[in-house]
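1213 is the number of the first residue of the sequence shown in my numbering; add one for each residue after it.
There could be a bad hint or two in this list.
[Claimed, not checked] Heads up, simulated SDA-like pairs for lysine to any residue below, C-alpha to C-alpha not over 25 Å straight-line:
id: 1; residue 1: LYS1337; residue 2: LEU1310
id: 2; residue 1: LYS1323; residue 2: ALA1277
id: 3; residue 1: LYS1337; residue 2: GLY1319
id: 4; residue 1: LYS1358; residue 2: ALA1324
id: 5; residue 1: LYS1323; residue 2: ARG1308
For the record, the hints were derived by calculation from the structure and aren't laboratory data.
From a predicted model like this one, the values you see are computed outputs, not experimental measurements.
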Amino acid sequence: MVAEAGHIVVGIGDTADVVLADGDGPPGETRPVVTLGGADEDLAGVLPRDADASQIDAAIRAVAAGLIVRLPGTREREAGFGAMRESEAHALLTPRELEVLAALAEGMTNKAIARRLDISLHTVKFHVESLFRKLGARTRTEAVAKASERRRRETITL
1213 MVAEAGHIVV GIGDTADVVL ADGDGPPGET RPVVTLGGAD EDLAGVLPRD ADASQIDAAI
1273 RAVAAGLIVR LPGTREREAG FGAMRESEAH ALLTPRELEV LAALAEGMTN KAIARRLDIS
1333 LHTVKFHVES LFRKLGARTR TEAVAKASER RRRETITL
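Starting from the given sequences, assemble the full structure and let the hints guide the process.
Laid out in structure tokens, this is it:
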């Protein structure tokens, strides 16, 4: 745990996994943030200012596992269980896209990927284009790099 200008960075080693902020999240923060008393709905976790240690611990662990923590009665809760913004749903990768991404990371050609996964070359191209779109990449290398960075940000060992 490291204290930085009004917030605490929670993680192992040099890389922080979750930021615990007093009030609104730190500007420009790319790691998941849990705030105490903040009102920013785009943050991963929002707790009341008077949250106790067990609530803070549970929120940090939940956010680290990829969950969203909200106060009862907030807009997300009112939207219904499992409500997800369209942009978030769009960014989810399917199991097949993950297989294609792994093959891209190995440097395999589309033809080799098609053989390995027992799918058509056209289907491989479809999945590669879908990966580019979802990851915001223009090349195979960029897609692998962006996926790796995204995984690093979203994966936490508890």
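| request: Would you check the hint for LYS1323 and ARG1308, treating anything up to 25 Å between C-alpha atoms as holding? | output: 16 Å, holds
| request: Could you grab the alpha-carbon distance between LYS1323 and ALA1277 and see if it respects the 25 Å cut-off? | output: 36 Å, violated
| query | Does LYS1337 pair with LEU1310 here, judged by a C-alpha cut-off of 25 Å? | reply | Cα-Cα ~14 Å, so holds.
| said: Does GLY1319 sit within 25 Å of LYS1337, going by the straight-line distance between their CA atoms? | reply: 15 Å, holds
| task | Decide if the proposed pair is consistent with the structure: LYS1358 and ALA1324, CA atoms, cutoff 25 Å inclusive. | result | This hinted pair holds, its Cα atoms lying about 22 Å apart.
Hint compliance for this structure: hint 2 is the single one not met.
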